[in-house]
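Asker: Chain by chain, the residues:
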Amino acid sequence: MLKLRLRRTARANVPRALPVVEGDTLPPDAVAAAAAARFTGAAEQSLELRPDGPRLLLIGAGQPATPLDWERVGGRAVAVAGDAERLALDARGLPPVSAAALAAGAALRAWRFGRKREPVKGLATLDLIVDQPKSVAPFWSRASAAVRGALLARELTAEPANHLTTRDFARRLEALAEHGIAVDILGRKRLARHGLGALLAVGGGSANPPRLAVLRWRGTHALPPVAFVGKGLCFDTGGISIKGAAGMEAMRADMAGAAACAGAMLALALRRSPAPAVAVLALAENSTGEASYRPGDVLRTGSGKTVEVVDTDAEGRLVLADALHYAQRFKPRAIIDLATLTGAIVTALGHHRAGLFGNDAALQAKLAAAGEAVGEPLWPMPIGARHREDLKSDIADLKQCLHGRQPDACHAAAFLREFAGEAPWAHLDIAGVGQRGEAALRGPGMPSGFGARLLDALVEREFEDPEP
Amino acid sequence: MLDIAFVKPALPRHGALVLPVAEDAALAGLAQAIDTATGGAVARALAAAGFKGRKGQSCTIWAPSAEAGGPSKVVAVGLGKAGELTAEGAEAAGGAALPLVQGEREAVVAAEGLAAPLAASFALGLALRSYRFDRYRTTEKEDDKPKLERVEIATDAAPAAKSAWAPMRAIADGVFLSRDLVSEPPNVLHPVEMAERCKALEKLGVTVEIFGPKEMKKLGFGALLGVAQGSAQEPRMVVMQWNGASGGKSKKAAGKPVAFLGKGVTFDTGGISIKPAAGMEDMKWDMAGAGTVIGLMAALAGRKAKVDAVGLVGLVENMPGANAQRPGDVVTTASGQTVEVINTDAEGRLVLADVMHYCQERFAPRFMVDLATLTGAIIIALGHEHAGMFANDDELAHRLAAAGKQVGEAVWRMPLGDAYDKQIKSDIADMKNVGGRPGGSITAAQFLQRFVVKKDPPTPWAHLDIAGTAWSSKDLPTVPKGATAFGVRLLDRLVADHYEE
Chain G
1 MLKLRLRRTA RANVPRALPV VEGDTLPPDA VAAAAAARFT GAAEQSLELR PDGPRLLLIG
61 AGQPATPLDW ERVGGRAVAV AGDAERLALD ARGLPPVSAA ALAAGAALRA WRFGRKREPV
121 KGLATLDLIV DQPKSVAPFW SRASAAVRGA LLARELTAEP ANHLTTRDFA RRLEALAEHG
181 IAVDILGRKR LARHGLGALL AVGGGSANPP RLAVLRWRGT HALPPVAFVG KGLCFDTGGI
241 SIKGAAGMEA MRADMAGAAA CAGAMLALAL RRSPAPAVAV LALAENSTGE ASYRPGDVLR
301 TGSGKTVEVV DTDAEGRLVL ADALHYAQRF KPRAIIDLAT LTGAIVTALG HHRAGLFGND
361 AALQAKLAAA GEAVGEPLWP MPIGARHRED LKSDIADLKQ CLHGRQPDAC HAAAFLREFA
421 GEAPWAHLDI AGVGQRGEAA LRGPGMPSGF GARLLDALVE REFEDPEP
Chain E
1001 MLDIAFVKPA LPRHGALVLP VAEDAALAGL AQAIDTATGG AVARALAAAG FKGRKGQSCT
1061 IWAPSAEAGG PSKVVAVGLG KAGELTAEGA EAAGGAALPL VQGEREAVVA AEGLAAPLAA
1121 SFALGLALRS YRFDRYRTTE KEDDKPKLER VEIATDAAPA AKSAWAPMRA IADGVFLSRD
1181 LVSEPPNVLH PVEMAERCKA LEKLGVTVEI FGPKEMKKLG FGALLGVAQG SAQEPRMVVM
1241 QWNGASGGKS KKAAGKPVAF LGKGVTFDTG GISIKPAAGM EDMKWDMAGA GTVIGLMAAL
1301 AGRKAKVDAV GLVGLVENMP GANAQRPGDV VTTASGQTVE VINTDAEGRL VLADVMHYCQ
1361 ERFAPRFMVD LATLTGAIII ALGHEHAGMF ANDDELAHRL AAAGKQVGEA VWRMPLGDAY
1421 DKQIKSDIAD MKNVGGRPGG SITAAQFLQR FVVKKDPPTP WAHLDIAGTA WSSKDLPTVP
1481 KGATAFGVRL LDRLVADHYE E
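Residue numbers (this note's numbering), protein chains in the order written: chain G, 1 to 468; chain E, 1001 to 1501.
Just to be clear, a hint being listed does not mean it is correct.
Said to hold, decoys possible - In silico PhoX-like pairs for lysine-lysine, Cα to Cα no more than 25 angstroms straight-line:
| hint | chain 1 | residue 1 | chain 2 | residue 2 |
| --- | --- | --- | --- | --- |
| 1 | E | Lys1275 | G | Lys243 |
| 2 | E | Lys1073 | E | Lys1147 |
| 3 | E | Lys1474 | G | Lys392 |
| 4 | E | Lys1055 | G | Lys392 |
| 5 | G | Lys392 | E | Lys1481 |
| 6 | E | Lys1256 | E | Lys1306 |
Treat the hints as calculated values from the structure; they're not laboratory data.
Please model the complete structure; the sequences and the hints are all you need to start from.
Answerer: Written out as structure tokens, the structure is:
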């Protein structure tokens, strides 16, 4: 993440971005140029002025009403600033929460996945110019926790599959221990002992063995935890039901659900959330190998239920079935899984909303509200009686999916529900929002980190009361 | 349609006797009478079969009377818990009974245990399930044909049940009309023929106007005519008006009508963007939206609904003829907005665009609901249990969802938004007619929303994408395999619940 300095004044040689709310008065030296360029402060507008000194960027803010609106303005400021390594963002006159949101937007937009091509160009240091650094600091501390969570999710998701194998992923999760997160990595032997046959089968075709990562944040409340369950397919070839070659490289991001859960855990830890939380992440590589699982195989899942495999490329629901089952041991207050699960959800909702399924209307409403607040919008989708009926198998307790290569978001959700247990459960199909076009405002054309901030916001809004 | 009568309870001397039985309920009325008459054979058979009256349970007992002169079969169907029986539950039980008795010419339903409206609902279920489209079967053996002609609903409240049945009968007629239209093959039912069939509604008091290509050209229907130009069959627009609120008398007395619009592509080859061959025969039902609107108008008029309603259908055939429109063509819609045709197989929205505009200009309706088998994407999104619903008005959306729940025609709301609207920006025209695979049903709805021309406040509008629900590949309780007429009952209920005087 970029370095942030809270300052009262901008340094003379640093370009300064000034958000302009539509209709507000402009600095006297900008009035003539703004009139000439028809700059009114409307959202999406920007105007660069160079009155001899360092660059001054006027950023149209429209009529911001929420912290999210200010985030977008901060993101635009960074986009307009281009390759500047240091930028002053002028938040004077703004309430501290808006100033912090402005900086959060800038930090999200400034992120670059650069490890593979040093040196990284672009914004490294942000001077946030505020009236009272002390009053803004706590708000920034809160906002930056969520930003760091989201950026961790992006880092992991962007990593190529040869650099982020299941072992690498587990190692990077273990590093979260420094923030007070307890990390337990289950290898093959322990997976076998727990009977997690679905996860073992999906990971069986790869030289990189499957793992189940369990992250715990104890918090301070003596309550059962909220559970996050993530699909972490480090690479998904489709297995024996192999995918078409075109676009397969994108499958390195098929672990975005697990990455988002890890990011949310980091955010909770960084801001010392009082709410206990646990993340159960199923890490595997779905590869074609001599020990790959096959269409027609019947797997025994951790829950004891048997599953007939129809399509080895519908592997996400299999690993989630075992992860959802394993999460039951923590007796969670609520259980939310995130997965880049189906192409069908992209056909259904495109790239602007993730699919929201579940068995508890209240939990779904809370998730949807949290998503709107952080700009990670969801849309409720149905699980019909017929979707469940379609999963009847002639040989096992249920079929993994329908015959014919039509991965279906509703069928997948109906499948997962069978493993969700008693607690309120929701499932977010994030296959369409991993690299959202509209996120360009707050992050370049790379992984969005979708879900990390949403889960963090959900916990803050709904699960931090000491009384359940 | 089955001949349905409501009669005083008496044991039939032939045919089938149907016993609707609530869960764990003792046999009563005719059920008890037949049990007594057969020396307890009925109760013994039900017990032996494990029949408890649960939902979805049924049990058939052949020739339970030892002597001649009794019913040839007794069919028990489960109603579920007595206190929880809804109209939909009674319909489903009636529908489930139908296949079990259709080998008999006559059946008597022992409905004494059902309140009058539920007895009528049971009859409605029987009637709806009895639909069959056999116009083109010429060699079917007599034995293979269903024989059921008459059903007597035996109830102590025959007059009340009969008056509850009267509007249901009209609705069932509308459903059957819609199913007939949707089932007809495309060489028979082209736009001209379909428009002709709308004239049958005049008998019910519906005003029917038919517009041909000349009239539509005058109205500036560039989008609809562009779709039609590749076919030898002329397009039509049909405007149906039912003035039930104003008594069908003075135009002046009429308030703003409610409006229903339907996509009627009598066959959709895809045009130049031609579809793959596999399954193309299904495209005969690409006029199901229009079929629903026509059936709905028949239902409203048939039951003399106290509402002013208009139904508009745009009827075309989408063919790759010598004059067919091409990908890349730009057409001007009746609203003046231009459309770049990227894919000639996204033709439904082009047809609806012109019809929607005309509807608003002429009728300034209280609300508009359009129905269309619009996108394959909605099937991938929702499957076959819910139609996709898009709306610019929360109240209308809630009312539609509630009406759908009551009649077993469920809708699921899908999102609209600027981010999706951007996907249909064109470089050369006001919009293009497709927005890519992601969110394919949503971008189709965004396209239609651009033809809700009145703003501030906009005309309340909802779009039902019925591509997944217009046709059923398997038998459902009240819907035999084939054309479902999805939407007729839903919209009839919407009107009945909220828009009648």
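Asker: Hint by hint, say whether it matches the structure.
Answerer: Now the hints, each set against the structure:
1. Using a Cα cut-off of 25 angstroms, the hinted pair Lys1275 of chain E and Lys243 of chain G holds, with the two alpha carbons roughly 24 angstroms apart.
2. Proximity of Lys1073 of chain E to Lys1147 of chain E is assessed by CA-CA distance (about 14 angstroms); at most 25 angstroms being required, the pair is judged to hold.
3. Taking the CA atoms of Lys1474 of chain E and Lys392 of chain G, the gap is about 16 angstroms. The hint holds against a cut of 25 angstroms.
4. Proposed proximity of Lys1055 of chain E and Lys392 of chain G is supported: the alpha carbons are some 20 angstroms apart, at most 25 angstroms.
5. At most 25 angstroms may separate the alpha-carbon atoms for a hinted pair to count; Lys392 of chain G and Lys1481 of chain E meet this at roughly 21 angstroms.
6. A hinted pair counts as satisfied when its Cα atoms are at most 25 angstroms apart, and Lys1256 of chain E with Lys1306 of chain E qualifies at roughly 13 angstroms.
In this structure, every one of the numbered hints holds.
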